[in-house]
Amino acid sequence: MENENFEQRTDMTRLSQAIEQIKAAIHHVVVGQHDTIELLIAGILADGHLLIEGVPGVAKTLTAKLIAQSIDAKFSRIQFTPDLMPSDVLGTSIFNPKTIEFEFKRGPIFGNIILIDEINRAPAKTQSALFEVMEERQVTADGQTYKMEEPFIVIATQNPVEHEGTYRLPEAQLDRFLFKVEVKYPSFEDEIAIITQQHQHKTAEQITEIHAVLSADDIIAARKQVREFYVEPKLIEFVAKIIHETRNSKSLFLGGSPRASLAIINSAKALAAMKGRDFVTPEDIIWVAPAVLRHRIMLTPDKEMEGVTPDEVVAQIIQKIEIPR
Amino acid sequence: MRLRIAFLLLILACCFCDLYATPTSQPKKPAVKAAPEKPKKKVVPAKVRLDSSSVTVHRLDQQVLDSLAADEDFKYYTKDYKKEETLWDKFWRWFWDMVGKLFPNVSAGSASIIKYILIGVAVICAVFLIIKLASSDLSNIFLRTPKEAALPYSESLENIHEISFDEEIEAALAARNFKLAVRLLYLASLKQLSDAGLIHWELGKTNSAYLEELGDTDRRQTFGVLTRQFEYIWYGNFPVDATSFNNIQTLFADFKKLLA
Chain A
13 MENENFEQRT DMTRLSQAIE QIKAAIHHVV VGQHDTIELL IAGILADGHL LIEGVPGVAK
73 TLTAKLIAQS IDAKFSRIQF TPDLMPSDVL GTSIFNPKTI EFEFKRGPIF GNIILIDEIN
133 RAPAKTQSAL FEVMEERQVT ADGQTYKMEE PFIVIATQNP VEHEGTYRLP EAQLDRFLFK
193 VEVKYPSFED EIAIITQQHQ HKTAEQITEI HAVLSADDII AARKQVREFY VEPKLIEFVA
253 KIIHETRNSK SLFLGGSPRA SLAIINSAKA LAAMKGRDFV TPEDIIWVAP AVLRHRIMLT
313 PDKEMEGVTP DEVVAQIIQK IEIPR
Chain B
762 MRLRIAFLLL ILACCFCDLY ATPTSQPKKP AVKAAPEKPK KKVVPAKVRL DSSSVTVHRL
822 DQQVLDSLAA DEDFKYYTKD YKKEETLWDK FWRWFWDMVG KLFPNVSAGS ASIIKYILIG
882 VAVICAVFLI IKLASSDLSN IFLRTPKEAA LPYSESLENI HEISFDEEIE AALAARNFKL
942 AVRLLYLASL KQLSDAGLIH WELGKTNSAY LEELGDTDRR QTFGVLTRQF EYIWYGNFPV
1002 DATSFNNIQT LFADFKKLLA
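First to last, the sequence lines map onto chains A and B. Everything in the first sequence is counted per this note's numbering, starting at 13 for the first residue and increasing by one. Everything in the second sequence is counted per this note's numbering, starting at 762 for the first residue and increasing by one.
It should be emphasised that the hints constitute simulated quantities derived from the structure, not laboratory data. The C-beta atom is built at its ideal place from N, Cα and C for all residues, glycine as well. It is possible that part of the hints are untrue.
Only pairs whose alpha carbons sit at most 20 Å apart, straight line, appear in this in silico SDA-like list of lysine to any residue [as the list claims (entries may be wrong)]:
no. : chain 1 : residue 1 : chain 2 : residue 2
1   : B       : K893      : A       : G319
2   : B       : K940      : A       : E249
3   : A       : K332      : B       : S969
4   : B       : K940      : A       : E244
5   : A       : K332      : B       : G965
6   : B       : K893      : A       : E318
7   : A       : K262      : B       : L894
8   : A       : K287      : B       : L972
9   : B       : K952      : A       : I335
10  : A       : K246      : B       : P1000
11  : B       : K893      : A       : P313
12  : B       : K893      : A       : M317
13  : A       : K86       : A       : E65
14  : A       : K332      : B       : L964
15  : A       : K253      : B       : L964
16  : B       : K952      : A       : R337
17  : A       : K77       : A       : E162
18  : A       : K246      : B       : E963
19  : A       : K246      : B       : R989
20  : B       : K966      : A       : E244
21  : A       : K287      : A       : H39
22  : B       : K966      : A       : R337
23  : B       : K940      : A       : L96
24  : A       : K246      : B       : N998
25  : A       : K332      : B       : N866
26  : B       : K966      : A       : Q328
27  : A       : K246      : B       : S969
28  : A       : K246      : B       : G965
29  : B       : K940      : A       : P336
30  : A       : K253      : A       : L311
31  : A       : K287      : B       : T967
32  : B       : K966      : A       : Q331
33  : A       : K332      : B       : I960
34  : B       : K940      : A       : M317
35  : A       : K246      : B       : L964
36  : B       : K966      : A       : E295
Stretch by stretch, here's where chain B covers chain A in the computed footprint (C-beta under 8 Å, at least three residues) [claimed, not checked]:
no. : stretch
37  : 77-86
38  : 103-111
39  : 328-334
So that you can see chain A by itself, here it is in the shape it has in the complex (with noise of 0.2 Å):
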């Protein structure tokens, strides 16, 4: 807790130090990358999926892996690829000679923790596959709903760079993604520490050396735990008051969802139980607004000739808004 006077309402011992040992298992692997991980975490947290966006080399896939591997949950990793197919990915229904009746083969869709990787490889057909698993988490298929698992979270990477050979993902699907976080270089300190760890032989070890250090369940419960936190009504208003502004912003062709206001609330809960807190300050909406939005709105083609990036626009956006005290 970080005021002693006050009372602690809600007991978050277990949550405090689940979020801790994350933090550290990663961190034993990864250097450097702190926010990248800490929305990671509150990503997971608020109950949602996962687009961590970077260039080639900047270990998108091995925090990805990281995380999953931190958590006692079925891990299924899938290489997304131009010639995948829907179901690849949320299995068919085959002829079983011996009971003379179709069987559902589930895919490896069917899972806790998916890690989709390349996931703008695939063509649309293959991405449209992932709308209701996602949305609604769960697969119909031959006329029979399946139901996935909680917790369920996918974790997709991309590549922002190569155009050639990879289909941009549909609004709508990247809407269904709480985050999109975006994985940069690290610092001049931060690389040297990477080569002498590799060059020590340290990370190959280090990555066997991970245990789950949280069970499915506790996942779970700590979302539930994270769900009953308290918003201030004015602070609901705030958020309000910024997706307003993205609808209405002259930079922008296209504002924020009710689903981004949603998502918003969500992760500054998410974001709070990380610092210890049972409720919201602005300070954990204004740090998550932009991993919230800069997947989900568009630039008019002016900014985007000037090179204004979808950062900068929530960012002065927030800015305007009066900040509720």
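For this one, chain A is given, so just place chain B on it according to the hints.
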């Protein structure tokens, strides 16, 4: 990719055009195989006979020819019809008249130089205009832009320099609204920091931003404690009674003394 396909199609189209346009030296092959030729009969040349009939040369009457030549209706090519002057032609005639007036003593050679200079200036103007248009916001012309809709909420911009804090705190305490009283105490401390020139007050700044502005000082440490008190009570909805309020009020009073 599209450009490549278009280029390929263009080349193919050119080839086809060339194929049809160029007369071929080889005779066209018949579509259907011709039937085997019958053996030709031996042709015996006929004896050439001379035409001995008399030829009468008709001559046209010169008068008739002259009258037809004089007829306006038959002067198809030589008819010097006067083309009707369009506005565009008028403009250019006027333009070159003006040029003639501006430079009355120029020779024919110099006139052509002036003409090219003027064309050059016109091209530069056109390029400048295109660049200006490209840099301006053309989205209004071609694309839908978000309308400046009226915001569905009222923006009550609170200026801490216009609040009478003592009166407001008294009113809040009279109503036993301790939560509001703590808020007012916090805003008052922000005003004190702003008046002392230690922070730059802005509506969009967060509490952390103000703490950063204070640097690494005792003031920052104390203000940090006050900030947490305010956040837990105002954003966290933690209950505050008269006793705890008195403790908090003392902390704010001490901070005020620290600034003095």
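Going down the list of hints, with the structure as the test:
The hinted pair formed by K893(B) and G319(A) meets the criterion: a straight-line CA distance of about 18 Å does not exceed 20 Å. Our distance criterion of 20 Å between C-alpha atoms is met by K940(B) and E249(A), whose separation comes to about 19 Å. Taking the CA atoms of K332(A) and S969(B), the gap is about 17 Å. The hint holds against a cut of 20 Å. For a cut-off of 20 Å, the pair hint linking K940(B) to E244(A) stands: about 13 Å separates their Cα positions.
Between K332(A) and G965(B) the alpha-carbon distance is near 6 Å, which keeps this suggested pair within the 20 Å criterion. Simply put, K893(B) and E318(A) have alpha-carbon atoms about 14 Å apart, close enough for the 20 Å limit, and the pair holds. Annotation: proposed proximity of K262(A) to L894(B) holds, straight-line Cα distance about 18 Å (limit 20 Å). Of the supplied pair hints, the one linking K287(A) and L972(B) holds, its CA atoms being roughly 18 Å apart against a limit of 20 Å.
A C-alpha spacing of about 15 Å is found between K952(B) and I335(A), which places the hinted pair at or below 20 Å, so the restraint holds. The hinted pair formed by K246(A) and P1000(B) meets the criterion: a straight-line CA distance of about 17 Å does not exceed 20 Å. At most 20 Å may separate the alpha-carbon atoms for a hinted pair to count; K893(B) and P313(A) meet this at roughly 16 Å. With a CA separation close to 15 Å, the supplied pair K893(B) and M317(A) stays within the 20 Å bound.
Distance restraint check for K86(A) and E65(A): the Cα-Cα separation of roughly 24 Å exceeds the 20 Å cut-off, and the hinted pair is therefore not satisfied. Under the criterion of a C-alpha separation no larger than 20 Å, the hint pairing K332(A) with L964(B) is consistent with the structure, at around 8 Å. For the suggested pair K253(A) and L964(B), the alpha carbons sit about 14 Å apart, so the restraint of at most 20 Å is met. With a CA separation close to 13 Å, the supplied pair K952(B) and R337(A) stays within the 20 Å bound.
In summary, the hint linking K77(A) to E162(A) is supported, as the alpha carbons are separated by about 19 Å, within the 20 Å threshold. At most 20 Å may separate the alpha-carbon atoms for a hinted pair to count; K246(A) and E963(B) meet this at roughly 18 Å. With a CA separation close to 18 Å, the supplied pair K246(A) and R989(B) stays within the 20 Å bound. Among the hinted pairs, K966(B) with E244(A) is consistent with the structure: their alpha-carbon atoms are about 18 Å apart, no more than 20 Å.
The hinted pair formed by K287(A) and H39(A) meets the criterion: a straight-line CA distance of about 18 Å does not exceed 20 Å. About 11 Å separates the Cα atoms of K966(B) and R337(A), which keeps this hinted pair within 20 Å; it holds. With a C-alpha separation of about 58 Å, the suggested pair K940(B) and L96(A) falls outside the 20 Å cut-off, and the hint is violated. Restraint check for K246(A) and N998(B): the C-alpha separation of about 12 Å stays at or below 20 Å, so the hint holds.
Only pairs whose Cα atoms come within 20 Å are accepted, and K332(A) paired with N866(B) is rejected, the gap being roughly 65 Å. Of the supplied pair hints, the one linking K966(B) and Q328(A) holds, its CA atoms being roughly 12 Å apart against a limit of 20 Å. Between K246(A) and S969(B) the alpha-carbon distance is near 19 Å, which keeps this suggested pair within the 20 Å criterion. About 15 Å separates the Cα atoms of K246(A) and G965(B), which keeps this hinted pair within 20 Å; it holds.
Simply put, K940(B) and P336(A) have alpha-carbon atoms about 14 Å apart, close enough for the 20 Å limit, and the pair holds. For the hint linking K253(A) to L311(A), the alpha-carbon distance of about 19 Å falls within 20 Å, and the restraint holds. A distance of roughly 17 Å separates the Cα atoms of K287(A) and T967(B); the hinted pair therefore holds under the 20 Å criterion. Restraint check: the Cα-Cα separation between K966(B) and Q331(A) comes to about 7 Å, which is no more than 20 Å; the hinted pair holds.
A distance of roughly 18 Å separates the Cα atoms of K332(A) and I960(B); the hinted pair therefore holds under the 20 Å criterion. For the given pair, K940(B) sits about 48 Å from M317(A) by alpha-carbon distance, which is inconsistent with the 20 Å threshold. Restraint check: the Cα-Cα separation between K246(A) and L964(B) comes to about 15 Å, which is no more than 20 Å; the hinted pair holds. A threshold of 20 Å between alpha carbons decides the hint, and for K966(B) with E295(A) the separation of about 10 Å falls inside it, so the pair holds.
Coverage of the stretch 77-86 of chain A by chain B is violated in this model, with 0 residues showing a Cβ closer than 8 Å to a Cβ of that chain against a need of three. Check result for the stretch 103-111 of chain A against chain B: violated, 0 residues qualifying (beta carbon to beta carbon below 8 Å, three or more required). Only residues whose C-beta sits within less than 8 Å of a C-beta in chain B count toward coverage, and the stretch 328-334 of chain A has 5 of them, enough to reach three; the restraint holds.
Against the hints set out earlier in the document, violations occur for numbers 13, 23, 25, 34, 37, 38.
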